[in-house]
Amino acid sequence: MRVTNAVYTPDSQLRTPGRLVREMVRDLLASRELAWRLFARNIATQYRQSALGYVWAVAPPLVTSSLFILLNSAGLLRAGDTGVPYPVYVILGTVSFALFLDALNVPLNAIAAARGTLPKINFPHEALLLAGMGQILLNFAVKATLIIGVLVIFRVPVPLTAVLVVIPLAGLLMAGLAVGIFLVPIGGLFQDVGHALGVVASGLVFVTPAAYMPPRAGLLAVITAWNPLTALVMTTRDVILHGSSAYMPTTLILVGVSILALLMSWVAFRLAMPIIIERMGT
Amino acid sequence: MVRVEGVSKKFCRRFRHSLVYGMKDFAREITGRPHQGDVLRPNEFWALRDLSFSVRRGETLALIGRNGAGKSTTLKMLNGLLRPDIGRITVQGRVQALLELGAGFSPVLSARENVYINAAMLGMPRADIDKALPEIMEFAGLEDVLETPLQNFSSGMKTRLAFSVATQLDPDVLLLDEVLAVGDLAFQEKCMRRMEAFRRRNKAIIFITHNLYQVEAMCNSAVWLEHGQVVSYGRSTDVVREYLDTQERRTISEAKAEGGAHQARAAAAERAYLRANDEEKARKVVDPPSADPLQIRAVEILDRDGQPCEELPFRSDLTVRIHYETANPILRPLFELTFVNDDRDVFTATMLIDGPGPDQIQGEGFVECRIDRLPLTPKVYSIMLWVFQSGHALTEVTTRRTVASFRVTDAGVDSVSMRGPLALTVLRQGPAVYVPRAWRFYDQGGEPVATVEAYFADDKLAGEAANNGKGHALAAAGPPSLGRTGS
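In order, the protein sequences belong to chains S and C. Counted the way our numbering counts, the first sequence spans residues 1 to 282. Counted the way our numbering counts, the second sequence spans residues 1001 to 1487.
Derived by calculation from the structure, the hints in this document are not laboratory data. Any given hint could be a false lead.
Covered, in the sense of this in silico footprint (three residues per stretch, anywhere, with C-beta under 8 Å from a C-beta of chain C), are these stretches of chain S [claimed, not checked]:
1. 7-13
2. 34-44
When the alpha-carbon atoms are kept at most 20 Å apart in a straight line, the in silico DMTMM-like pairs for lysine to aspartate or glutamate are as follows [stated by the list, open to error]:
3. C/K1024 x C/E1044
4. C/K1131 x S/D192
5. C/K1190 x C/E1147
6. C/K1024 x C/D1050
7. C/K1190 x C/D1170
8. C/K1024 x C/D1038
9. C/K1131 x C/D1144
10. C/K1010 x S/D11
11. C/K1024 x S/D192
12. C/K1131 x C/E1100
13. C/K1024 x S/D11
14. C/K1010 x C/E1059
Predicted model, so just to flag it, every value in this text is computed and none were measured. We treat Cβ as the ideally placed atom computed from N, Cα and C, and that holds for glycine.
Just chain C, same shape as in the assembly:
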């Protein structure tokens, strides 16, 4: 129904230039000379470059990407508001675009008058508006304020009114620009239902969104744009996966840059301390006031095979190895690792619960903390380390700080039963901890009618054991064996 073939669009950075170019374009247009679309004039840039996609009947396509990626430009071209500079757009059937809700509303006129004008602008014949008016007002939930001037409406009310008018029409192709992001939850729900009904009636929908849940739940395909270029186009789940992957890699490289700076600062402080220490040595030995009694030399993340890594598959074994050095003995040391995602503590592996280590450590050495089948969903995590000693009293021997970060990928998610409509998005964007579980449905007589299990392949036996009431599935995973060394 909609076909976009090699479409490019250029814009001008300078307003005045753009006006002059406008005059030149008009001159070219009126003389019928061919359009030199592929040449960039001074101060022009490609707002959209070589975009191609197609949408068939009953299909929904999402346009995703950051601001300024060219999403709105694409919709405007599909709507005929902007013309492509290169390429060709073919649209079959009647098109309805909702680029901005409430465009053209007049504040001094009543809701009813505005509905009539808005609907007429969108191409609805008067008789149809007469018929649709009660439904429009009902859908918007504004039956009581039909004659009230629009200036007394809240922005939410105006939005509801506008969406209500626009979807009352029955186009073959619906173009939506992030309009679903507005209104309260109940209204959003209504809008989604209306869009779903649209799709069922074999209409095509193209919409812009920042909500990846919507993309996975409602769309067949997606186009991801970045600076006017197509980064990815294909099945919506694939595009969402790629989008999230890239965003997380970006986060981890930023985190790394930050961590590196931190380490550099720490090293500089340490060198300064040692220098000062050398000078002071001859006179008297002093405790460094600012430096920690225990120095952390390095922190490694090791995978299942004991290899250092930055990425781990979902539900894989993880070992954190902490290299330390301490001049003075640390008595009964306690290490604590807190896993953090998006500034929130997800869980803590702490010896404050598990119990202290050896009676004393001194010199160089390393500690490993092994976690079997890390229950974290695919996301980026950082690890905060805190070390205490519990000799006579509990005292901290390092300051609490971020020492490493890693990423859980969605490789291996297939080992989980994922038949839910939003499996991938919830797993990647939802809460950080994943716990295996099983759902059972029973009929009135207490007979089981259906079971939905979310155990892992290798947990399956344990899961079945749990079914027999002999124990919990996770218990079968066994206690972590702390003695194991990586490498």
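Only chain S is shown next, with the shape it has when bound in the complex:
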């Protein structure tokens, strides 16, 4: 029961930007409670049907990290001079990278999961994104225990300025969400996008310096230099370990860009949803 005094016309919503913005704000506010309900439901259904529960949140970065550690110990991987015990370095890298990956996947997954409801009930769709965001944060909190565990085990001191880590983490979250939401208009129609996302994500971890120091030369050096995730992942790790990072200025710019991108993706999302819902059938 969301609409009060509605007018539906075929014209693009961009032609009435004032109304669009008003509706965006209204729906965002209206969706908070529903988002919380959906979040709670997702968690409940997810863990009610699972025996190991939260283990599945930490398993992926744990396995990836273990593989890197194995490769590194066998001398097959030249991680470079990481300055800290390699497991600490790699866990920090993969966990922060996993935050981006989670955020990237959430929008499309949320739409797909709501397939049964979307063509039947008109509710603020922002709730799906907000609930997804809640789930990302919860998953990250679980994964963060890995970081704490490894820091304690290897007795790595953490500086006070490590709290600045929220800046690159917010960047990773927003960048992932923005890209993920931008993919909704196409991915909501063609499933190819979802498949492609899986392929790209599995490769992305190797071209992001999650498990190695950014190389100085070669093709990989060029790729990592242009990969915006480099700055965000490096800053996260540097700030936790050293309290500061040379990548911080780039990170701040990226955070600003992410905020803008997120707002734009939100508009695109709103424009696309009616078109997607129409094609979900009955």
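Starting from the known structure of chain S, fit chain C onto it as the hints suggest.
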């Protein structure tokens, strides 16, 4: 409260095309270019064309029509789930749509958890849900299974729960998609009461139904859609009448096509028989084994003035004229006409009761059966004919088969006292026989307080005679005079 102005919506037949068009529409949307709604692209069709109607406060509008007529599409557009390609929809006030009960229910969660999510999706604040929960469960009759996972519920229970949640909200405009067709009778009754209460509180209701009783009983107006086009829009009784008229005409033309085929087959068999007969004649005369001893040439339905017709007004006089031909004499023939509606025998006019005709008939001739004030309600009927002879023993001289069909229209129903809330629908959709009657209410002292009479204008005197205890109203109609010829 709700205004729909010249709304059209197109859909795509091919799924893949529709996805590509979706991308193009999105591109147009994001660049803000004007929507070219009135152009059909390849494989597209109009799911809805130029629909206009309005619903005011306290009004109820029904959407009727066959599947795929565009009814659900209309509701989805009113709810904002789909956008019109042409036209404009204005809705004032809060809208609540029940397009499918139980959408979004999760089977692993308990009834209570599902109520909270469902209500939140429909826009109910948490505090309100807390307050409404006992009433929701009570209305659904599910107080005892609050904590049971929904997967253990029957579909009926889920439906009840969903309806209960949805109507707990207090929208200004309620949109319902055939949800009243589910649940047991007692629950349907409850739903109807709740909708009635809605209407009394000056809310607007728009709903889809196949139940014409509901349309007549609950709606002010109705829209009849067919293949996305509006066939009729207006007062609900008018629309229902038109809808039924068309459906019956369809039935009668189908019946005619069938009857025609039957006659053609019979004629072909007859020609074959005659040919064979010619060849055999020289040798010996044989009885045709398959052909009937009595041939029916034609059956006519005649109206009050003796004119052949296919439609008769309600309670009009009817004559059935049967043209026959028989080579051999038929002794003491007995004709039987059975009136059939919807595969059920309604009544029989049979000489097996009334008594046989002349001692013998031979050659060509015709028989008429006249029925005064045919007591059949407005519907389509077919007539089955069966002829016997009762010479030495009772034997059939034709096979029993359908020979004609006709339709009783609701013209002339106004001569009946029709003040009931469902007069038209019950008359047209209810049982086939209408019998005049009178209702009288008496107080404790046996004094009459009210009379409801359902006599016909011309039966009125007879009815009053009956009041005096001098005889039955129908007796005054007199015995049918069989001798009367039509034309």
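Hint check results:
no.	hint	verdict
1	7-13	holds (count 7)
2	34-44	holds (count 5)
3	C/K1024 x C/E1044	14 Å, holds
4	C/K1131 x S/D192	46 Å, violated
5	C/K1190 x C/E1147	24 Å, violated
6	C/K1024 x C/D1050	24 Å, violated
7	C/K1190 x C/D1170	17 Å, holds
8	C/K1024 x C/D1038	15 Å, holds
9	C/K1131 x C/D1144	18 Å, holds
10	C/K1010 x S/D11	15 Å, holds
11	C/K1024 x S/D192	17 Å, holds
12	C/K1131 x C/E1100	25 Å, violated
13	C/K1024 x S/D11	14 Å, holds
14	C/K1010 x C/E1059	28 Å, violated
When each numbered hint is compared with the structure, violations occur for hints 4, 5, 6, 12 and 14.
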